[in-house]
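We have chain P already, so just place chain Z on it with the hints.
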Amino acid sequence: MTGTYLTDAVKERFPEDVLGTHAFRGDDTVVIRKEALPAVAAFLKDQLGFDMLMDLTAVDYLPREPRFELVCHLYSTGRNVRLRLKCPVPAGDASVASLTPLWPGAGWFEREAWDMFGLDFKGHPDLRRLLMYESFEGHPLRKDYPIDRHQPRRDDGAGRTDR
Amino acid sequence: MNRAPAKNWDIEDLGEGRLALNMGPSHPAMHGIVRLLVTLEGERVVSADPEIGYLHRGFEKTCENVTWNQCIPYTDRLNYVSPFINNAGFALAVEKLLGVEPPARCQYIRVLMSEISRVTDHLTCIGASAMELGAFTVYFYLINAREAMYRLGDLACGARVTPAYARVGGLANDLPPGFAAEAAAAFKAVRENLADADRLLTRNRIFHDRLRGTGTLTKEDAVAMSVTGPALRAAGMPFDVRKASPYLVYDRFDFDVPVGSNGDNYDRYLVRMEEIRQSLRIAEQALAQLPGGPVNHPSYAVILPPKAETHGCIEALMAHFKLTVDGVKPPAGEVYQAVEGANGELGFYLVSDGTGRPWRVRVRPPSLPLTAALPAMVKGGYIADVVATFGQINMIGGELER
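Chains as they are written, first to last, in the working numbering: chain P, 1 to 163; chain Z, 1 to 402.
This is chain P alone, in the form it adopts within the complex:
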């Protein structure tokens, strides 16, 4: 697989950590080991100028292992370049380093990924559910969460944030 200038630059700097690259439909993509996420992200931000975390989300590839994938879309306002950074996350250890120290904008994106997929972001200052209520059980965007499961909010006040 041939890489682009950008993906090759990341691969050259982190030969051990880059698991693969592709540019399907013109979207430059780098897949890295999740342990290397803070180092690679810091390199991308400080050296290559990706100053904006445009999006951060996850995908559940059940029954594949590693099951989850963290997907970040980075944008450089100075150079007008985009890059997708992905890292596989195994179901047994569904945690990954938080990107909030680098991009404060990651805060709510990571809260949503925790809420929807149950990915634990180590070092996140305030990892609460974002869209669902605190007493909600499970993570709805996981593939094994049934689409027809009803979970009315309990009215015993459990998990309310105001008391």
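Some clues are possibly wrong.
Unchecked claim - The calculated SDA-like cross-link candidates involving lysine to any residue, where the alpha carbons are at most 25 angstroms apart (straight line), are:
(1) Z:61 / P:63
(2) P:122 / Z:53
(3) P:45 / Z:237
(4) P:143 / Z:55
(5) Z:243 / P:5
(6) P:122 / Z:376
(7) P:143 / Z:62
(8) Z:219 / Z:256
(9) P:122 / Z:51
What the hints assert, rightly or not - Label-pair ranges, simulated between beta-carbon atoms:
(10) Z:220 / P:134: 30 to 36 angstroms
(11) P:63 / Z:307: 38 to 44 angstroms
(12) Z:301 / P:150: 35 to 41 angstroms
FYI, nobody ran anything at the bench for these hints, they're computed from the structure. These figures come from a predicted structure and were not determined experimentally. Cβ coordinates follow ideal geometry from the N, Cα and C atoms, glycine included.
The following block gives chain Z in isolation, referenced to the frame of chain P:
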């Protein structure tokens, strides 16, 4: 596993003279439903914590269980004030995944309808936020203008608010005859109403004092917090997806990207006012240059054949059946397609496993980073400025909470 809920304040140790206040979920100035927990010291905001999710309806989960084209009516409900942009963005993302490009006429119509949507969104934002600050008359002027634009959408596809106009590879139907004349009349009405609102608001002492210097976000902070759209441009960063990475046929039009310098509410208001004028410019150019020809992709593997062919030709009948039952089948892969939504970058990240149903549909809602940045914008300001700032970030619950 459930975590202990974190709080941004504690009733026991609020501090001397401090007050905790709930704004919303049902509050006239909290558009739709959102709850803002604010801690006050006197009239100053010490901290704020937006609590969202009241409008969460599982859009992304639902999309994983329907065909690609069946997702389009759901995208109407993302940003329900500018639904054509969502339609066009989603269709564009699936087309990128498929590797096809719709005909030129379709692309021009999508641009035209997207700009009409952007105008309705900005008109609503300015009208509603002016109303919340007490300028009720302006609201009616602008909603009048919005109604003229809604009628254009109604004319094109038969629905005012939930059009479901785009299809993967084309549109539901071509524009009706006489659309250009109707559009010219509607644009004239918008310009007149906008001029009235401009005279009532822009140099209005009260309006100016409420917006100038409130809700300020610096350029650096806005970039760090992933803020896009009018709020980012008001802070001085000329980032607009239509210029930065042109999609559809935006590179063929002449338009300007207004930029502010202070990053406060007043600059956001001015940026939106100018963007309405620029959107009308683009819409007029698109109408003037509108090419002829079909609106739908010629391949039966992408979009439903015309009804006459379905009824008169076996290949078309088979294609109709396959597309209806199985849906269009993009190759396995992933794409990210961004369009300029009314509030900022609206991104669709799609993952296909090669079947007729999406494996994952992710929407990057422009409202989410804006709402996340709200505490930083209102901190230290007066409680009354929360209303002004909230009006200008134009939170849309439909796309924020999906």
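Verification of the supplied hints:
no.: 1; hint: Z:61 / P:63; verdict: holds (17 angstroms)
no.: 2; hint: P:122 / Z:53; verdict: holds (24 angstroms)
no.: 3; hint: P:45 / Z:237; verdict: holds (18 angstroms)
no.: 4; hint: P:143 / Z:55; verdict: holds (22 angstroms)
no.: 5; hint: Z:243 / P:5; verdict: holds (23 angstroms)
no.: 6; hint: P:122 / Z:376; verdict: holds (23 angstroms)
no.: 7; hint: P:143 / Z:62; verdict: holds (12 angstroms)
no.: 8; hint: Z:219 / Z:256; verdict: holds (20 angstroms)
no.: 9; hint: P:122 / Z:51; verdict: holds (22 angstroms)
no.: 10; hint: Z:220 / P:134: 30 to 36 angstroms; verdict: holds (33 angstroms)
no.: 11; hint: P:63 / Z:307: 38 to 44 angstroms; verdict: holds (42 angstroms)
no.: 12; hint: Z:301 / P:150: 35 to 41 angstroms; verdict: holds (38 angstroms)
The structure agrees with every numbered hint stated previously.
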